[in-house]
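Peer 1: What follows is the residue order along each chain.
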Amino acid sequence: MLGTLARAATVALVTVATALPAAAEGDPPRAASFLPANVSVAIGLRDGDRHVGAFRALLEELGFEKSDAHRAFFRTPQILGARIGLGLLAASAGTDEWGAIAAAAGRDVAIGIRWEQRARVIAVLVPRDATTVELLLEGVTRFAGATPDGTVAGTDDRPIAITSVRGRAFVATCAGVILVATDRESLADAIAAGLGRAPSFSGSAAHDTVENTVPTDAAAWAWADVATLRTRLERAGRWPTRIPQPLAAFIAGGWWHHLSSTDRVIAWALPTAPRRLTVEARVDGDAMPSSHEGFVAPASPDWSAREIPGYVGEVSVTRDWATLLSNRETLLDRAGAGTLAKFLTNAGNFLGDVDLVDDVLPHVRGTTRVVAAEQTFEATPTPALPAFALVTPLADGDGRLARQLEKAAQIAFTFINYQAMQQKRPTFMMDTGRYRDHRVLSTFFDETPATPPIRFNFRPAVARIADHYVIATSRELLEHVADRVLDATRTPAPSPPPDRLAIIGAPVARLLRLNREQLVTNRMLDEGVDRRRAARTVDGSIALLDFLGGARLAATTGDRGTRLAFTIDLTAPPQTPTPPSSGSAR
Amino acid sequence: MNGAGDPLRPFAASSATPWDHAAATHLLRRAGFRPTMQEIERAVGAGVDATVDRLVDGEPEARRASELDALGDGIARRGELDRLRAWWLQRMRYTTRPLHARLALFWHGHFATSDRKVKSPTLMLAQLRTIEAHARGPFGAMLRAMSRDPAMIVWLDGDENVRGRPNENYARELFELFTLGVGHYSERDVHETARAFTGWHQRRGTFAFRPRSHDGGDKTIFGETGPFDGDDAVRLALAQPAASRFLAAKLLREFVTPTPNEVLVTALAQVLWESDFDVGATLRRLLKSTAMFDPAHRRTRIPSPVEFVVGVARSLEIRTRGPVLARAIARMGQRLFEPPSVEGWPGHRHWLDSTTMLVRLNAAVAATAPGSADRLARRYALRNSAAARRFATTIALDGAPSTALAERLHALDGTPSAVLASALRIALTAPEYQLA
Numbered sequence: 328m329l330g331t332l333a334r335a336a337t338v339a340l341v342t343v344a345t346a347l348p349a350a351a352e353g354d355p356p357r358a359a360s361f362l363p364a365n366v367s368v369a370i371g372l373r374d375g376d377r378h379v380g381a382f383r384a385l386l387e388e389l390g391f392e393k394s395d396a397h398r399a400f401f402r403t404p405q406i407l408g409a410r411i412g413l414g415l416l417a418a419s420a421g422t423d424e425w426g427a428i429a430a431a432a433g434r435d436v437a438i439g440i441r442w443e444q445r446a447r448v449i450a451v452l453v454p455r456d457a458t459t460v461e462l463l464l465e466g467v468t469r470f471a472g473a474t475p476d477g478t479v480a481g482t483d484d485r486p487i488a489i490t491s492v493r494g495r496a497f498v499a500t501c502a503g504v505i506l507v508a509t510d511r512e513s514l515a516d517a518i519a520a521g522l523g524r525a526p527s528f529s530g531s532a533a534h535d536t537v538e539n540t541v542p543t544d545a546a547a548w549a550w551a552d553v554a555t556l557r558t559r560l561e562r563a564g565r566w567p568t569r570i571p572q573p574l575a576a577f578i579a580g581g582w583w584h585h586l587s588s589t590d591r592v593i594a595w596a597l598p599t600a601p602r603r604l605t606v607e608a609r610v611d612g613d614a615m616p617s618s619h620e621g622f623v624a625p626a627s628p629d630w631s632a633r634e635i636p637g638y639v640g641e642v643s644v645t646r647d648w649a650t651l652l653s654n655r656e657t658l659l660d661r662a663g664a665g666t667l668a669k670f671l672t673n674a675g676n677f678l679g680d681v682d683l684v685d686d687v688l689p690h691v692r693g694t695t696r697v698v699a700a701e702q703t704f705e706a707t708p709t710p711a712l713p714a715f716a717l718v719t720p721l722a723d724g725d726g727r728l729a730r731q732l733e734k735a736a737q738i739a740f741t742f743i744n745y746q747a748m749q750q751k752r753p754t755f756m757m758d759t760g761r762y763r764d765h766r767v768l769s770t771f772f773d774e775t776p777a778t779p780p781i782r783f784n785f786r787p788a789v790a791r792i793a794d795h796y797v798i799a800t801s802r803e804l805l806e807h808v809a810d811r812v813l814d815a816t817r818t819p820a821p822s823p824p825p826d827r828l829a830i831i832g833a834p835v836a837r838l839l840r841l842n843r844e845q846l847v848t849n850r851m852l853d854e855g856v857d858r859r860r861a862a863r864t865v866d867g868s869i870a871l872l873d874f875l876g877g878a879r880l881a882a883t884t885g886d887r888g889t890r891l892a893f894t895i896d897l898t899a900p901p902q903t904p905t906p907p908s909s910g911s912a913r
Numbered sequence: 002m003n004g005a006g007d008p009l010r011p012f013a014a015s016s017a018t019p020w021d022h023a024a025a026t027h028l029l030r031r032a033g034f035r036p037t038m039q040e041i042e043r044a045v046g047a048g049v050d051a052t053v054d055r056l057v058d059g060e061p062e063a064r065r066a067s068e069l070d071a072l073g074d075g076i077a078r079r080g081e082l083d084r085l086r087a088w089w090l091q092r093m094r095y096t097t098r099p100l101h102a103r104l105a106l107f108w109h110g111h112f113a114t115s116d117r118k119v120k121s122p123t124l125m126l127a128q129l130r131t132i133e134a135h136a137r138g139p140f141g142a143m144l145r146a147m148s149r150d151p152a153m154i155v156w157l158d159g160d161e162n163v164r165g166r167p168n169e170n171y172a173r174e175l176f177e178l179f180t181l182g183v184g185h186y187s188e189r190d191v192h193e194t195a196r197a198f199t200g201w202h203q204r205r206g207t208f209a210f211r212p213r214s215h216d217g218g219d220k221t222i223f224g225e226t227g228p229f230d231g232d233d234a235v236r237l238a239l240a241q242p243a244a245s246r247f248l249a250a251k252l253l254r255e256f257v258t259p260t261p262n263e264v265l266v267t268a269l270a271q272v273l274w275e276s277d278f279d280v281g282a283t284l285r286r287l288l289k290s291t292a293m294f295d296p297a298h299r300r301t302r303i304p305s306p307v308e309f310v311v312g313v314a315r316s317l318e319i320r321t322r323g324p325v326l327a328r329a330i331a332r333m334g335q336r337l338f339e340p341p342s343v344e345g346w347p348g349h350r351h352w353l354d355s356t357t358m359l360v361r362l363n364a365a366v367a368a369t370a371p372g373s374a375d376r377l378a379r380r381y382a383l384r385n386s387a388a389a390r391r392f393a394t395t396i397a398l399d400g401a402p403s404t405a406l407a408e409r410l411h412a413l414d415g416t417p418s419a420v421l422a423s424a425l426r427i428a429l430t431a432p433e434y435q436l437a
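In order, the protein sequence lines correspond to chains D and B.
In terms of the working numbering, the first sequence is residues 328 to 913.
In terms of the working numbering, the second sequence is residues 2 to 437.
Since the hints were derived computationally from the structure, they do not count as laboratory data.
A couple of the hints might just be wrong.
[Stated by the list, open to error] The list that follows gives simulated cross-link-like pairs (lysine-lysine, DSBU-like), each with its CA atoms no further than 35 angstroms apart:
no. : chain 1 : residue 1 : chain 2 : residue 2
1   : D       : K734      : D       : K751
2   : D       : K393      : B       : K118
3   : D       : K751      : B       : K120
4   : B       : K251      : D       : K734
5   : D       : K734      : B       : K120
6   : D       : K669      : D       : K734
7   : D       : K669      : B       : K251
8   : B       : K120      : B       : K251
9   : D       : K669      : D       : K751
[To be verified] Label-pair ranges, simulated between beta-carbon atoms:
no. : chain 1 : residue 1 : chain 2 : residue 2 : range
10  : B       : P242      : D       : F704      : 46 to 54 angstroms
11  : B       : Q39       : D       : P404      : 19 to 27 angstroms
12  : D       : A409      : B       : Q39       : 28 to 36 angstroms
13  : B       : R78       : D       : T741      : 22 to 30 angstroms
14  : B       : R78       : D       : A674      : 29 to 37 angstroms
15  : B       : S67       : D       : T778      : 17 to 25 angstroms
Idealized CB from N, CA, C, for every residue including glycine.
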């Protein structure tokens, strides 16, 4: 992908050097006006040069160039070679490498893709600094091997020259706009659209929708003709009508319904804060059929997991599980239904005379969450994992279900112990106690070896906390969750989006550092690289996570559409890694 | 015996059997894995004696292999058997001591112990370490060490071998599979030897002798009577004439020919006997011998999957992904640390059937995909098609392709790296390449 973009950028620069006309007077043309109306995908970048400048300033502010991540990924021989080439080129144009990138990003960029026998790509660049671009191109043309490839009709009978780069890319300039295409015909179509001789994307209803939907301060936008793409994939048998895997089907089935019935998807990117980028997407589809009603459910009032010590992240989904499970034959294919049937049979073995679908799930209403947090150990297992807690609302007034679920948990632990004994592995001890006046069933190992294996990450505990049922892999996380749930019961927060995913970079980086040696080992064995190279990649990846303040995905599924918002926050990494602050393991 | 009829007399190059690229490749392949062109050139220049001495004594280990070696304990401690296989294979791929690696593999099959019963990668790794430590030394010392090896004790039920209720599993395999072979011991020898090993247990992965479980009474083994223990049983087994012949035949099948004749077995047994079963000294003599380079013995042996895959990777100087290697080798019928039975892998013709042959061919095709030989062509400065063809036939076909293959190779045209990749693909999928 990067190679393709680099080639496209090079070709664009070549074109301007060979045929850059004087800057047009008045308002510059819109890049989207050069995309033919029949593109299947259109992407726009607004004021790219300014965003490049802001991005460069942000990297300096965060100290990225002094990080292990920079050392690992941007000081490889290949990258250094490319940077030297770019630096020399930029110097010849009187700028630096960032200046060259900004000039190439231009004032307005549009990219269109048409799918016919193969993907045909058209890129349109409206430069802001035409002089710098022209100087840059003088250098590029010496290396690119571009050759003239005839002309197409321009304005006032003045032909527009086309340049071919080894037959793989075709470039031209028209009214101060640089055009690049992967085939000559697409380039001619783009010129015709730009000159008003053929329908243009900017004159289409699709573009009107983009204009009306995308905020004016968005840095980039994308539009896809999903109906056409879907038809092609359906013909190729690559668009499943149902998601085969049961869990994935119950999580994504609503989104899939909208994606399967919509004619378009629109997305845009907004730098909503100095260190934050938000990408939003909108999928409008047909109304949910009755079989899918379980996907549209109100979220539970929020209790914040963010304050849990060592919080790593969470996944939250809001479903009417009872309705979904009752429609499983419609929502799943035969194989998926079979897999689910096996799961329900196994669950039945533990639940006894209580039926999961008929007796338990009708009482599970609201948002089910899986929270992850760091844990501390007497002796750190290898690998060290975070603790997880599954927290689900459970309307269980008299506590009958909770008692039944505790019995099921005891049977499950006994079963696990039976298997462990067969394998001569340590077994769980079970204990019941109370936490903040709530009964808790917890487990522990009676002896911890000096170098514990992976199973020592898991010492499950279960409890009914207020109107929630909690299954955690450590008692201390269960207690932290209990604190948050009980405190929120007193002062409930506003309802959040129904479906969420969040992850925080710093604790993940700490966990990876704990497992660094194993990660290096795995890379050496899996990739066949030496220790130095393996360590550089692992350390670089961990250092990259230090810059991730957080990443969040929120999804709201309504009757006729799905809204997605992905937010990423960057942060300056801590000077030294800090240990987790949660309590000790039991 | 060191006369003209001695098959173990030192190899002397002649016009009929010159010391050339083909001979050097044969030696390196049999006493290690398929070699790189650089290794072949080096061997040709150094001569037989120096090359064999270097193989037997070993060179300083490559940094890469040493780095890998240090990872084993951590992998085993985490109980990751699949990754332990990948680890061992990567060590074989990058070691500068290929004969030592081959010997470890050979003894792993000889003392076949499976994690399916041991259920402890840590113990399996400890056994491999023991094997590696004794692989070229006196066989008696290795037997004594293996008799105390915790994985072996678990594998052959040593913990159940107690005074008054001897468990004969280890004693039986000691004679049948490790030292003598069927027909050279009696049931009484087995029973009495089991008594000698009573109390040789393991506790938490460490050898533990339990005096209270040991039967200290007199035993009669091979006609000798005394209060023997396990070490005595090993000594008595190796004193049997059949022991040197048993081991000689096995070494010959591994390194010289799958069908050694009586003269050859007798000669090598004599070497073993006279060296007090010193494996390194015996191999040094064998690898320098006329028998080793006998044209009748060349390309007669079907390499194991591990030899095949590691050999391809080493000779083509491919960067390998350990788990991918391990999976391919398992599909070819060899799962390290999990031999199929106490007898190990049957080997030779048993390695090939319609399924495993297809897997080998697929691996060969994958290793020679378009673009795969670019680095090799650059490294050896192959400037034209002829040089690329010559290179491929030297490292893959001992420089002597069949007429049909030669015609196919001659028809190749294109850039040197493209011709090299195509030539290697033709060579690696040829029937002659499947024989080492």
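Peer 1: Could you run down the list of hints and mark each one as holding or not?
Peer 2: Here is what the structure says about each hint:
1. K734(D) - K751(D): Measuring from Cα to Cα gives roughly 25 angstroms; hence the hint holds.
2. K393(D) - K118(B): violated (52 angstroms)
3. K751(D) - K120(B): Between K751(D) and K120(B) the Cα gap is close to 9 angstroms, so the pair holds against 35 angstroms.
4. K251(B) - K734(D): Cα-Cα ~60 angstroms, so violated.
5. K734(D) - K120(B): holds (32 angstroms)
6. K669(D) - K734(D): holds (21 angstroms)
7. K669(D) - K251(B): The given pair, whose Cα atoms are some 51 angstroms apart, is violated under the 35 angstroms limit.
8. K120(B) - K251(B): Holds - the C-alpha atoms of K251(B) and K120(B) are around 29 angstroms apart, at most 35 angstroms.
9. K669(D) - K751(D): Cα-Cα ~28 angstroms, so holds.
10. P242(B) - F704(D): 46 to 54 angstroms: 59 angstroms Cβ-Cβ, so the 46 to 54 angstroms window is violated.
11. Q39(B) - P404(D): 19 to 27 angstroms: Between Q39(B) and P404(D), where Cβ atoms are some 23 angstroms apart, the hint holds.
12. A409(D) - Q39(B): 28 to 36 angstroms: Given a distance of about 32 angstroms, which is inside 28 to 36 angstroms, the answer is holds.
13. R78(B) - T741(D): 22 to 30 angstroms: holds (28 angstroms)
14. R78(B) - A674(D): 29 to 37 angstroms: Because 35 angstroms falls inside the window, the suggested range holds.
15. S67(B) - T778(D): 17 to 25 angstroms: holds (23 angstroms)
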